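As a plain string of letters, each chain reads:
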Amino acid sequence: MCSDFLQQLLARRDTWRGRDPDAAMRSGRATGFQALDGLLEQGGWPDSGLVELLCTLPCPPLMHLLLPLLAGGDGARVIANPPARPSAPALARAGVDLRQLLVLQSRERAPLLRACLEAVASDSVGVMVLWAPGGALPAGTLRRFHLGAQQGRCLLILVRPRRAASQPSPAPLRLDLSCSAPGQLTVAVHKQPGGRPGAHCQVTVLPEHLRRAPPACATLPALTRRPLVDHLPSPLPPPPGPLPLSELRP
Amino acid sequence: MSALWVALRFPLLPLEAEAGPSTAPRALVRRHRIELANGAALAAGVSPGLRLATARALCEHLEIQEASASARENALARQARHLLALTPQVCPAPPDTLLLEVGGCLKLFGGFRNLLARIDQYRLHCPLTSRLGLGHTPLAACHLSELPALDTRPETARFQAWLAELPLAGLDLEPALRERLQAPGFRTLGELFPLPRPALGKRFGAAFLDWLQRLLGEKADPRRPIAPPRPFRAHREFDQPIENLTLLETPMAALLADLEDSLRRHQEEVAAIRWHLMLNNRQRDTLIVRRARPGHDAATWLDLSRRRLEHHTLGAGVLGLALDSSRCRPRNPALAELFPDPGARPPLERLVEKLAMEPALNLYQPSDGGEHLPEQDERALPFLGRPATARLAEPSPGRVNDRPLWLLDPPRRLDDHNNVPHWRGRPLTLFPQSERFSQPWHGAAPRRYRVAHHPDGLCCWVFQDDQHGWWLQGFF
Numbered sequence: 001m002c003s004d005f006l007q008q009l010l011a012r013r014d015t016w017r018g019r020d021p022d023a024a025m026r027s028g029r030a031t032g033f034q035a036l037d038g039l040l041e042q043g044g045w046p047d048s049g050l051v052e053l054l055c056t057l058p059c060p061p062l063m064h065l066l067l068p069l070l071a072g073g074d075g076a077r078v079i080a081n082p083p084a085r086p087s088a089p090a091l092a093r094a095g096v097d098l099r100q101l102l103v104l105q106s107r108e109r110a111p112l113l114r115a116c117l118e119a120v121a122s123d124s125v126g127v128m129v130l131w132a133p134g135g136a137l138p139a140g141t142l143r144r145f146h147l148g149a150q151q152g153r154c155l156l157i158l159v160r161p162r163r164a165a166s167q168p169s170p171a172p173l174r175l176d177l178s179c180s181a182p183g184q185l186t187v188a189v190h191k192q193p194g195g196r197p198g199a200h201c202q203v204t205v206l207p208e209h210l211r212r213a214p215p216a217c218a219t220l221p222a223l224t225r226r227p228l229v230d231h232l233p234s235p236l237p238p239p240p241g242p243l244p245l246s247e248l249r250p
Numbered sequence: 001m002s003a004l005w006v007a008l009r010f011p012l013l014p015l016e017a018e019a020g021p022s023t024a025p026r027a028l029v030r031r032h033r034i035e036l037a038n039g040a041a042l043a044a045g046v047s048p049g050l051r052l053a054t055a056r057a058l059c060e061h062l063e064i065q066e067a068s069a070s071a072r073e074n075a076l077a078r079q080a081r082h083l084l085a086l087t088p089q090v091c092p093a094p095p096d097t098l099l100l101e102v103g104g105c106l107k108l109f110g111g112f113r114n115l116l117a118r119i120d121q122y123r124l125h126c127p128l129t130s131r132l133g134l135g136h137t138p139l140a141a142c143h144l145s146e147l148p149a150l151d152t153r154p155e156t157a158r159f160q161a162w163l164a165e166l167p168l169a170g171l172d173l174e175p176a177l178r179e180r181l182q183a184p185g186f187r188t189l190g191e192l193f194p195l196p197r198p199a200l201g202k203r204f205g206a207a208f209l210d211w212l213q214r215l216l217g218e219k220a221d222p223r224r225p226i227a228p229p230r231p232f233r234a235h236r237e238f239d240q241p242i243e244n245l246t247l248l249e250t251p252m253a254a255l256l257a258d259l260e261d262s263l264r265r266h267q268e269e270v271a272a273i274r275w276h277l278m279l280n281n282r283q284r285d286t287l288i289v290r291r292a293r294p295g296h297d298a299a300t301w302l303d304l305s306r307r308r309l310e311h312h313t314l315g316a317g318v319l320g321l322a323l324d325s326s327r328c329r330p331r332n333p334a335l336a337e338l339f340p341d342p343g344a345r346p347p348l349e350r351l352v353e354k355l356a357m358e359p360a361l362n363l364y365q366p367s368d369g370g371e372h373l374p375e376q377d378e379r380a381l382p383f384l385g386r387p388a389t390a391r392l393a394e395p396s397p398g399r400v401n402d403r404p405l406w407l408l409d410p411p412r413r414l415d416d417h418n419n420v421p422h423w424r425g426r427p428l429t430l431f432p433q434s435e436r437f438s439q440p441w442h443g444a445a446p447r448r449y450r451v452a453h454h455p456d457g458l459c460c461w462v463f464q465d466d467q468h469g470w471w472l473q474g475f476f
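Chains as they are written, first to last, in the working numbering: chain Y, 1 to 250; chain L, 1 to 476.
For the record, the hints were derived by calculation from the structure and aren't laboratory data. There may be inaccurate statements among the hints.
Unchecked claim - Computed beta-carbon distance windows for the label pairs:
#, chain 1, residue 1, chain 2, residue 2, range
1, Y, P111, L, L84, 43 to 49 angstroms
2, L, T250, Y, H200, 55 to 61 angstroms
3, L, P231, Y, P111, 46 to 52 angstroms
4, Y, P168, L, T313, 35 to 41 angstroms
5, L, P342, Y, H200, 37 to 43 angstroms
Claimed, not checked - Covered stretches of chain L (in silico footprint by chain Y; criterion: 3 or more residues with CB under 8 angstroms from a CB of chain Y, positions within the stretch not fixed):
#, segment
6, 246 to 259
7, 457 to 465
Note that the coordinates shown come from a computational prediction; the quantities given were computed from them, not determined experimentally. For every residue, glycine included, the Cβ atom is placed at its ideal position computed from N, Cα and C.
Construct the complete structure from the given sequences, taking the supplied hints into account.
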């Protein structure tokens with residue numbers, strides 16, 4: 001009797017299972033970052049549903065984390081309400097098919113959320129990245145997004161400010177992102193099916209030459225002086241070669 | 001009512017099909033021989049049959065054209081469509097004649113004289129040289145092109161009398177047949193009329209007898225008129241003005257069902273439809289509904305129309321509703337898949353055409369614009385009404401420089417303290433390497449781009465120009 005009731009309860013969509021024995025068997029979509037794959041219980045992003053990324057907005061390096069996701073898989077990709085304009089050449093270089101990419105913007109909140117919900121549930125879209133518009137997002141809206149995304153086989157990545165972390169959310173996966181250094185993202189688990197909060201990892205998203213800090217003298221006015229006075233001898237010439245990393249780090 | 005045929009012959013059609021009439025000497029050439037020459041060229045002595053070199057020697061500024069059958073046919077078809085305004089019976093008679101049956105529309109234009117005035121008006125604005133012929137049969141209209149000024153519609157007997165006066169030597173017949181006709185001493189067509197028909201057929205051939213009987217109207221001469229283009233138009237009127245837009249859905253669905261029916265019957269589809277709402281205050285609102293790909297199904301059109309209607313506010317009650325469609329295109333069944341993949345996702349266009357009906361949304365597809373300045377480098381491709389061959393960005397291996405993933409458009413001005421750029425009140429650490437973007441032809445100052453680190457852990461792309469200092473262009 002008890003087993004039947006348990007099965008019935010587990011079959012419900014809104015039942016939260018702390019440790020799902022099947023979770024390890026399910027393989028998610030690879031994130032493209034080994035450390036992050038190791039952090040996630042499913043070995044990658046879930047196939048569909050709502051994922052929340054909590055960070056201090058705008059968090060530009062966050063997009064690098066999602067580029068492998070946008071580049072692979074089937075269906076269209078939608079970038080909704082981005083804080084700035086995603087650069088087409090950079091996306092194309094990362095392997096994103098621009099013919100399948102749609103950018104959606106709106107100054108008004110209600111039409112934006114309605115359009116996103118429709119897109120997510122339409123089954124045409126494989127991945128959507130949505131920057132949450134200003135104002136609170138009620139749990140009912142988030143639940144509709146989650147169910148719509150599951151129904152439309154879409155992975156909806158919702159980027160929210162960090163203060164939303166204290167609010168309950170129906171998203172099964174919530175990650176906290178922070179930029180510790182340029183090109184470095186610290187990803188911490190806030191909520192995960194089958195996992196415990198608090199686990200974190202470091203992800204490197206930029207190439208080495210962009211992450212390496214410039215020599216300390218670069219902040220001096222000499223280097224940034226306008227070209228009208230370029231012919232004056234600069235008091236500190238730039239160093240001849242790259243310095244070892246240990247000397248550059250403050 | 002007996003038939004009355006008008007023949008419009010365009011004698012210089014091959015010459016004028018592409019560039020219109022010209023007062024300069026111009027000639028049509030086929031295999032290095034002159035085939036056709038206009039008035040100025042004829043006056044200079046260039047006659048059909050001359051060698052091209054001789055013609056050039058005779059006329060120094062002779063314009064030469066190659067004969068193009070397709071241009072000629074297109075020009076004739078275009079004129080035929082224009083003439084549909086006069087009568088529905090417009091029959092092309094290649095190579096250069098259009099035949100119009102106007103007996104049935106004399107009353108519409110207010111009599112014979114008014115109709116001739118309309119035709120003269122058309123000929124005045126027509127870009128081709130034309131000759132007018134009139135007759136009681138199509139062939140008679142082709143041959144009777146030099147008629148006296150007419151005030152009333154001529155009787156059939158008068159047409160026959162004019163035909164009787166035509167000399168056999170001037171008729172467009174085969175030379176051998178013309179010789180055989182002239183051998184017994186016949187000089188005009190009229191001399192053949194009283195002769196017994198079977199004997200004529202036996203002596204000059206069945207084809208000639210057939211031609212003569214069709215010319216005189218003794219035998220039917222059926223012609224096939226061109227089909228007019230068929231844009232869909234339908235409308236409904238209401239007894240009471242409708243204030244509530246949701247009540248319009250039922251008549252809309254009925255009109256769209258008619259549209260679908262018509263499109264299905266002709267195996268066609270349309271890319272856009274137009275709704276006209278006739279308001280109670282004598283105004284008319286027009287709503288255009290487009291689709292990413294042409295379609296014919298009423299359900300999708302109704303859904304899109306409903307979405308379009310949601311954002312419309314009425315100035316007054318609706319008294320009438322009309323629907324018309326854009327040009328119908330033949331449906332291409334090759335595009336439909338016979339056995340679609342069960343797991344396949346529906347195309348993005350279907351979602352986009354729904355979202356495009358929401359005016360508050362801005363949808364675009366990023367694409368590499370090939371411009372020099374980074375903020376102009378990208379073109380936002382609108383989805384609907386875009387040409388099919390839109391150029392899409394290819395990952396270009398040549399541009400190996402670091403380019404940021406996010407672009408600020410327009411660039412944001414940075415604070416400048418002691419020549420060090422500051423953002424959010426904190427100084428940026430600049431990389432020593434700089435990249436120069438200069439474009440003096442735009443009148444803009446040259447820019448020197450650098451990568452910079454911000455203490456918040458951001459990697460920024462900034463530039464400095466001579467006039468205004470530091471700007472933030474994007475983020476990596």
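Going down the list of hints, with the structure as the test:
no., hint, result
1, Y/P111 to L/L84: 43 to 49 angstroms, "holds, 45 angstroms"
2, L/T250 to Y/H200: 55 to 61 angstroms, "holds, 59 angstroms"
3, L/P231 to Y/P111: 46 to 52 angstroms, "violated, 33 angstroms"
4, Y/P168 to L/T313: 35 to 41 angstroms, "holds, 39 angstroms"
5, L/P342 to Y/H200: 37 to 43 angstroms, "holds, 41 angstroms"
6, 246 to 259, "violated (count 0)"
7, 457 to 465, "holds (count 4)"
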